[in-house]
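2 protein chains.
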Amino acid sequence: MTTESTFINLLRGFATDPAARGLLDDVAVIEVGDAALIITHDMMAEGVHFRSNANPEDVAWKLVASNLSDLAAKGAEPVGVLLGFMLGDDAWDRAFAAGLKKVLAHYHVALLGGDTVANRGDKRAFGLTALGIASHRPVPSRGGAQVGDILYVTGTLGDALAGFELIDAGFDEVGPLADAFNRPMARLADGRALAPLVTAMMDVSDGLLLDAERIATASQIGIEIDLSCVPLSPLYVSYRSDSRESRMQAASWGDDYQLLFTAPPEAALPVPATAVGRVIDGGGLTLKDGANPVKLPPTLGYLHQ
Amino acid sequence: MTTESTFINLLRGFATDPAARGLLDDVAVIEVGDAALIITHDMMAEGVHFRSNANPEDVAWKLVASNLSDLAAKGAEPVGVLLGFMLGDDAWDRAFAAGLKKVLAHYHVALLGGDTVANRGDKRAFGLTALGIASHRPVPSRGGAQVGDILYVTGTLGDALAGFELIDAGFDEVGPLADAFNRPMARLADGRALAPLVTAMMDVSDGLLLDAERIATASQIGIEIDLSCVPLSPLYVSYRSDSRESRMQAASWGDDYQLLFTAPPEAALPVPATAVGRVIDGGGLTLKDGANPVKLPPTLGYLHQ
Numbered sequence: 097m098t099t100e101s102t103f104i105n106l107l108r109g110f111a112t113d114p115a116a117r118g119l120l121d122d123v124a125v126i127e128v129g130d131a132a133l134i135i136t137h138d139m140m141a142e143g144v145h146f147r148s149n150a151n152p153e154d155v156a157w158k159l160v161a162s163n164l165s166d167l168a169a170k171g172a173e174p175v176g177v178l179l180g181f182m183l184g185d186d187a188w189d190r191a192f193a194a195g196l197k198k199v200l201a202h203y204h205v206a207l208l209g210g211d212t213v214a215n216r217g218d219k220r221a222f223g224l225t226a227l228g229i230a231s232h233r234p235v236p237s238r239g240g241a242q243v244g245d246i247l248y249v250t251g252t253l254g255d256a257l258a259g260f261e262l263i264d265a266g267f268d269e270v271g272p273l274a275d276a277f278n279r280p281m282a283r284l285a286d287g288r289a290l291a292p293l294v295t296a297m298m299d300v301s302d303g304l305l306l307d308a309e310r311i312a313t314a315s316q317i318g319i320e321i322d323l324s325c326v327p328l329s330p331l332y333v334s335y336r337s338d339s340r341e342s343r344m345q346a347a348s349w350g351d352d353y354q355l356l357f358t359a360p361p362e363a364a365l366p367v368p369a370t371a372v373g374r375v376i377d378g379g380g381l382t383l384k385d386g387a388n389p390v391k392l393p394p395t396l397g398y399l400h401q
Numbered sequence: 097m098t099t100e101s102t103f104i105n106l107l108r109g110f111a112t113d114p115a116a117r118g119l120l121d122d123v124a125v126i127e128v129g130d131a132a133l134i135i136t137h138d139m140m141a142e143g144v145h146f147r148s149n150a151n152p153e154d155v156a157w158k159l160v161a162s163n164l165s166d167l168a169a170k171g172a173e174p175v176g177v178l179l180g181f182m183l184g185d186d187a188w189d190r191a192f193a194a195g196l197k198k199v200l201a202h203y204h205v206a207l208l209g210g211d212t213v214a215n216r217g218d219k220r221a222f223g224l225t226a227l228g229i230a231s232h233r234p235v236p237s238r239g240g241a242q243v244g245d246i247l248y249v250t251g252t253l254g255d256a257l258a259g260f261e262l263i264d265a266g267f268d269e270v271g272p273l274a275d276a277f278n279r280p281m282a283r284l285a286d287g288r289a290l291a292p293l294v295t296a297m298m299d300v301s302d303g304l305l306l307d308a309e310r311i312a313t314a315s316q317i318g319i320e321i322d323l324s325c326v327p328l329s330p331l332y333v334s335y336r337s338d339s340r341e342s343r344m345q346a347a348s349w350g351d352d353y354q355l356l357f358t359a360p361p362e363a364a365l366p367v368p369a370t371a372v373g374r375v376i377d378g379g380g381l382t383l384k385d386g387a388n389p390v391k392l393p394p395t396l397g398y399l400h401q
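Chains E and D supply the protein sequences, listed in that same order.
Everything in the first sequence is counted per the working numbering, starting at 97 for the first residue and increasing by one.
Everything in the second sequence is counted per the working numbering, starting at 97 for the first residue and increasing by one.
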């Protein structure tokens, strides 16, 4: 099967409009009159992003929240969503619609339209397009990190990983770790508060290390991450441990939807965030654990094969 | 399986933002500053909208053209598209990307972004979101037809049906009828020229009769169609015949992507179009063939089950 990077490289050859941001960002930024429209489209496929026995309300929640998280990372005010829905079992689809209603009400976001198609296959997939309006110009990208900046992340990492493992093992369907996996929160207010002072920002959807490397690549600088600073929740620590290994896992697994951003050291952050690294000369990602250099793991995060 | 109408009725209960147009239109219309942004999302599923052995370039073409056709019916100037792509066979995906490049270049439309997902199933589906800016306000809807208006359609109908049948029978992969099915044209210039004078407009994606009924429902009026006026191409007539039956089939099959619109009798049309009916008191659809009333067929067009 084609890999995501191979296919996106093919598209990059002709996605030359500045609004496409070189297909290096999670969103497109379109100038409409005086406004900057932020638009993103994310899909979820059965067997890849959700299990066949997942709660349909959770699938709807995550589909919406993962897209709104991309808007959050650009400091956007969400306007609405369009749904691409593959029809299936009647009870499942009703539960999905009920979940969609709930998550849209939670975020005060409008359902604007979309499409439904019959499903002739054995697996389903859904798509969502989310639109927002930038609250701050320029709109944060992945490409503005400057040498000397600090790398920050909001919240804690690894909870979604722990939740996924607990659900997979048949435990704790409704606990807070399972919720972290099933019902992630899009940090919209944090994103808007941070947008004016960050030099680069994105959401952690595929893992801290992989997403930080993406900022390094887009910004043409290096990033050094200190594993000992990776913020873990007490629940994650009690589930796993507070070892270098558990921090490495929390830093190389996705689905946390926290905001990852760089800002100058003197910036006064308007929201709580943890400094996890710094922007340095050079390129790519470097890891340490306190004073000790650490080798990069073979896989930095979740790659869509 | 849930039907499209059941599911959309569920969504309609909470898609109450005016931009959603009650989920009765093919697009959403979002006010951004002084501009009206037109946005639409259509999907294509393997085994439903394209055959498993379809030419990937044709799939890319139709995915883009069918979405741009929705913009055309609103008189919009396209801005760009976002692609939701399910990864598959490498050669297939490369051909799809090549086709996407061609169709976007043909329409001068930018690829803005999107998402790719792995496919764990036996069938694939793709989604496309298309954005445009309205060239005329108010933006044509399905809901403005007035008693006394004439119902018009651009071009000819039935060519895509004939093309589908020829392809299905193994004939004529590259002939003009096959092209009508595989590579429909979005009538963007026609839509922009018509937008200032129509009272309602949509594209014929599911069949003349079904789509005209949708205008009748949204406009809360009746529509009478004269089958003898349904425009057929010489190729369609030579392939099938010029009988009432062949006109009925051409009028109840989709994929033609012509523009269907209502306008006052005195309107001077800026583009060629054929008068196929008129807007009358009452509701729903009435058929005649010259002077003779004709019973409605059991199926008015392509319904997405």
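Just so you know, the hints here were simulated from the structure itself, not pulled from any lab data.
Any given hint might turn out to be false.
Same chains, same names: a pair is fine if it fits in one copy or spans any two.
[What the hints assert, rightly or not] Below 20 Å or equal to it, Euclidean Cα-Cα: the simulated SDA-like pairs (lysine to any residue) are: (1) 219 with 185; (2) 198 with 108; (3) 198 with 188; (4) 197 with 173; (5) 198 with 102; (6) 391 with 367; (7) 198 with 173; (8) 384 with 292; (9) 219 with 144; (10) 197 with 262; (11) 219 with 148; (12) 219 with 376; (13) 391 with 379; (14) 197 with 105; (15) 219 with 147; (16) 219 with 229; (17) 198 with 106; (18) 197 with 113; (19) 219 with 119; (20) 391 with 240; (21) 197 with 102; (22) 391 with 229.
All values reported here derive from a predicted model rather than from experimental measurement.
For each hint, the structure was consulted:
1. With identical chains, the CA atoms of residue 219 and residue 185 are at most 20 Å apart both within one copy (12 Å) and between copies (17 Å).
2. For a Cα distance limit of 20 Å, the shortest separation of residue 198 from residue 108 across copies, 14 Å, qualifies, whereas the shortest one inside one copy, 36 Å, does not.
3. In this homomeric assembly, residue 198 and residue 188 come within 20 Å of each other (Cα to Cα) only inside a single copy, at 15 Å, whereas the closest approach across copies is 39 Å.
4. In this homomeric assembly, residue 197 and residue 173 come within 20 Å of each other (Cα to Cα) only inside a single copy, at 19 Å, whereas the closest approach across copies is 32 Å.
5. In this assembly of identical chains, residue 198 and residue 102 lie within 20 Å of each other by CA distance solely across copies; the values are 19 Å between and 37 Å within a copy.
6. In the homo-oligomer, the alpha carbons of residue 391 and residue 367 never lie at most 20 Å apart, since the shortest distance is 31 Å inside one protomer and 67 Å across protomers.
7. Proximity of residue 198 and residue 173 under a CA criterion of 20 Å is satisfied intra-copy only: 19 Å inside one chain copy versus 34 Å between copies.
8. Taking the shortest Cα distances, residue 384 and residue 292 never come within 20 Å of each other, neither inside one copy (30 Å) nor across copies (64 Å).
9. Taking CA atoms no more than 20 Å apart as the test, residue 219 paired with residue 144 passes in both settings, with 10 Å inside one copy and 14 Å between copies.
10. Within a single copy, residue 197 and residue 262 get their C-alpha atoms no closer than 27 Å, and across copies no closer than 44 Å, so neither meets the 20 Å cut-off.
11. Both within a single protomer and between protomers do residue 219 and residue 148 lie at most 20 Å apart by alpha-carbon distance, with minima of 8 Å and 16 Å respectively.
12. In this homomeric assembly, residue 219 and residue 376 never come within 20 Å of each other (Cα to Cα): the closest approach is 44 Å inside a single copy and 46 Å across copies.
13. Proximity of residue 391 to residue 379 under the C-alpha cut-off of 20 Å is restricted to the intra-copy arrangement: shortest distance 16 Å within a copy versus 72 Å between copies.
14. Within a single copy, residue 197 and residue 105 get their C-alpha atoms only as close as 36 Å, which misses the 20 Å cut-off; across copies the closest is 13 Å, which meets it.
15. Taking CA atoms no more than 20 Å apart as the test, residue 219 paired with residue 147 passes in both settings, with 10 Å inside one copy and 17 Å between copies.
16. For the identical chains of this complex, residue 219 and residue 229 are neighbours neither inside a copy (34 Å) nor across copies (35 Å), given an alpha-carbon limit of 20 Å.
17. In this homomeric assembly, residue 198 and residue 106 come within 20 Å of each other (Cα to Cα) only across copies, at 13 Å, whereas the closest approach inside a single copy is 38 Å.
18. With identical chains, the CA atoms of residue 197 and residue 113 are at most 20 Å apart between copies only, with a shortest distance of 13 Å across copies and 35 Å within one.
19. In this assembly of identical chains, residue 219 and residue 119 lie within 20 Å of each other by CA distance neither inside one copy nor across copies; the values are 28 Å within and 26 Å between.
20. With identical chains, the CA atoms of residue 391 and residue 240 are never at most 20 Å apart, being 26 Å at best within one copy and 66 Å at best between copies.
21. Taking the shortest Cα distances, residue 197 and residue 102 sit within 20 Å of each other only across copies (16 Å), while inside one copy they are farther apart (36 Å).
22. When the C-alpha separation of residue 391 and residue 229 is checked against a cutoff of 20 Å, the pair qualifies neither within a copy, at 41 Å, nor between copies, at 50 Å.
Comparing the model with each earlier hint shows violations of hints 6, 8, 10, 12, 16, 19, 20, 22; every other hint is respected.
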